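Asks: Given the structure of chain G, go ahead and fit chain C onto it with the hints provided.
As a plain string of letters, each chain reads:
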Amino acid sequence: MNGKTIVIGVIGSDVHAVGNKIIDYALTNAGFNVVNVGVLSTQEDFINAAVETNADCILISSLYGHGELDCQGIREKCDEAGLKDILLYIGGNIVVGKQDFKDVEERFKKLGFNRVYPPGVKIEAGIEDLKKDLEIKQ
Amino acid sequence: MNEGYLLIDFGSTYTKLTLVDIKQELIIATSKAITTVETNIMDGFNKAFHLLKQKYDEKEIKIIKKLACSSAAGGLKMVTIGLVPELTVEAGKRAALGAGARVLKTYSYEITSDEINEIKQMQVDIILLSGGTDGGNKEIIIHNAEKIAKHFQSIPIILAGNKCAHDEIREIFNTHKIKYQVTQNVMPRLNEINVLPVREKIRELFMKNIIRSKGMDHAEDFIDGILMPTPAAVLKASEILSKGTDKQDGIGDLIVVDIGGATTDVHSLADGYPTKAGINLKGLKEPFAKRTVEGDLGMRYSALALLEASGEKMIKDYLSLENIKEKCSFLHQHINFVPKKEEDIAFDEALAKVATKLAINRHVGHIEIAYTPLGEVYNQYGKDLLEVNYIIGTGGVLVHSRNPDDILKEGLFSKQEPTLLKPKNPMFKIDKQYILSAMGLLAYDLPDCAYRMMKKYIIDKWEDS
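The listed protein sequences correspond, in order, to chains G and C.
Quick note on this note's numbering: the first sequence kicks off at 1 and runs consecutively.
Quick note on this note's numbering: the second sequence kicks off at 1 and runs consecutively.
Excised from the complex, chain G in its bound form (with noise of 0.2 angstroms):
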């Protein structure tokens, strides 16, 4: 165990189950303490979740297209939610269509996330970014 907290789940309408239980499986081997919201879920699913854990990154997937609609206003409410300078990671399909990923990775900076992954993109990287973001010692 790292003592680091990553609160990871599936935002909007999208029901894809298996990337979260594998990210929930691969981030608990890294050593992380994983709260896993699972599908479905709002916005506010994964800001309580990160409120009462003190968690240190919200990992959220989107695999339907729909992640840019959803994720409006997630970091101001995470702000307002006392959550000041939580990590956010995004990542999956997040967008629909054949899109220049610099484009995409921009928008989703402004919408105030810390890293975005694009397609096909495996969770080792993701954890090394995580290592790094969070000052892990390997």
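Among the hints, a few may not be true.
[Claimed, not checked] Simulated DEER-style distance windows between Cβ atoms:
no.: 1; chain 1: G; residue 1: Gly19; chain 2: C; residue 2: Thr419; range: 26 to 36 angstroms
no.: 2; chain 1: G; residue 1: Ile22; chain 2: C; residue 2: Asp271; range: 20 to 30 angstroms
no.: 3; chain 1: C; residue 1: Thr419; chain 2: G; residue 2: Lys137; range: 47 to 57 angstroms
no.: 4; chain 1: C; residue 1: Ile116; chain 2: G; residue 2: Ile22; range: 40 to 50 angstroms
[As the list claims (entries may be wrong)] DSSO-like, lysine-lysine: derived pairs with alpha carbons at most 30 angstroms apart:
no.: 5; chain 1: C; residue 1: Lys105; chain 2: G; residue 2: Lys77
no.: 6; chain 1: G; residue 1: Lys122; chain 2: C; residue 2: Lys282
no.: 7; chain 1: C; residue 1: Lys424; chain 2: G; residue 2: Lys77
no.: 8; chain 1: C; residue 1: Lys282; chain 2: G; residue 2: Lys21
no.: 9; chain 1: C; residue 1: Lys163; chain 2: G; residue 2: Lys84
no.: 10; chain 1: G; residue 1: Lys131; chain 2: C; residue 2: Lys138
no.: 11; chain 1: C; residue 1: Lys163; chain 2: G; residue 2: Lys137
no.: 12; chain 1: G; residue 1: Lys131; chain 2: C; residue 2: Lys163
Simulated from the structure, these hints should not be mistaken for lab results.
All values derive from a computational prediction rather than experimental measurement.
Just so you know, even glycine gets a beta-carbon here, dropped at the ideal spot from N, CA and C.
Replies: Okay, now just chain C, sitting in the frame of chain G:
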């Protein structure tokens, strides 16, 4: 000579006695008298005891133990403090309700000076302080502990929050010489609820401190113990009836509806997991034994509040009547009114139907439909009680009604409101002899005897000769 248990319920209005022959497992006699908490609680008790003695032969049965529960002097009044309203605040509230407390109000996040003043006005018996999962947020609960320590030296506190904050809070409480008890976190992990340790602590405090502060210590000389608040005894009895004991199987999932003058209590004994496939369970997990209290649904003191909650239209569904508001005000002012005339009885039954319907609607879980690109998906919040075996009714209006089943039917699943997970095909039973709270007390010493007696008197409707 047979041995008997005397079981006593110091109620808010009546002190009720039940004498049980524990060998033959029979109710020998019952009696009641007005509760006298203003003078000496034993006055009312002695009056009831005197009445009881006329109903049985003292040579036939020897009372070997006297156990009591109490909701006199306003019951056990609590406030609970947590962190997020949907999470630790809700978990704390459920734990307190399950312990038979009246939860006057709940507080979330950092409590303010205004809220402290509000709590001061309420004369609470116990404050429950929680917040944060284990290893989670410490900051808020420590802030709240400091506030409490400064302002409430005399109220006992139960601390059941993030275990990582407990050491620091202990220091704060010790410095301020606060009376407190520490127990396990009421929500150790996200959405996981842990109500039993808190319930047990509340019961301990109730026995040790609260009885004395309510002027009931006179009773302690004569009685072996005032074990718990009355609603906790009802919940205990229901739990034994549902789950059984070490030696006997219970009767399975059930709901108890208790319609009183001021409140309507609903107890459900069921896990409440989804009974249909493909449903996601959302939100905080529910305790197996769950109690909810509707402070605005009652037959007398709360009759006006009931009207406000239901609206005239809903009462008119059961009874066509013009002066509904007047009738409700009358009942609100005459809390000891006993209906004799046909129209008054009919009005009481209409109110009871409304109370049952609304209280069960609020108690059971519901389904929310989410429309996704993959079609409709279903989320369940709260307990699925569709397949519950029994609805058991207690409380004056149900016990004395000629058609109690008609009242309890209001708790059934309805096609008009298909998302409310109410029982579809339960059997209706009535606690005719008013023994549930007494059996909860008896169950503390003799669970098997209590189980068999409830089965005999409530489920199999065994009539006393």
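Asks: All the hints need checking, so say for each whether the structure fits it.
Replies: Going down the list of hints, with the structure as the test:
{"no.": "1", "hint": "Gly19(G) / Thr419(C): 26 to 36 angstroms", "result": "holds (29 angstroms)"}
{"no.": "2", "hint": "Ile22(G) / Asp271(C): 20 to 30 angstroms", "result": "holds (29 angstroms)"}
{"no.": "3", "hint": "Thr419(C) / Lys137(G): 47 to 57 angstroms", "result": "holds (51 angstroms)"}
{"no.": "4", "hint": "Ile116(C) / Ile22(G): 40 to 50 angstroms", "result": "holds (47 angstroms)"}
{"no.": "5", "hint": "Lys105(C) / Lys77(G)", "result": "holds (26 angstroms)"}
{"no.": "6", "hint": "Lys122(G) / Lys282(C)", "result": "holds (28 angstroms)"}
{"no.": "7", "hint": "Lys424(C) / Lys77(G)", "result": "violated (41 angstroms)"}
{"no.": "8", "hint": "Lys282(C) / Lys21(G)", "result": "holds (17 angstroms)"}
{"no.": "9", "hint": "Lys163(C) / Lys84(G)", "result": "holds (24 angstroms)"}
{"no.": "10", "hint": "Lys131(G) / Lys138(C)", "result": "holds (23 angstroms)"}
{"no.": "11", "hint": "Lys163(C) / Lys137(G)", "result": "holds (26 angstroms)"}
{"no.": "12", "hint": "Lys131(G) / Lys163(C)", "result": "holds (26 angstroms)"}
Hint compliance for this structure: hint 7 alone is broken.
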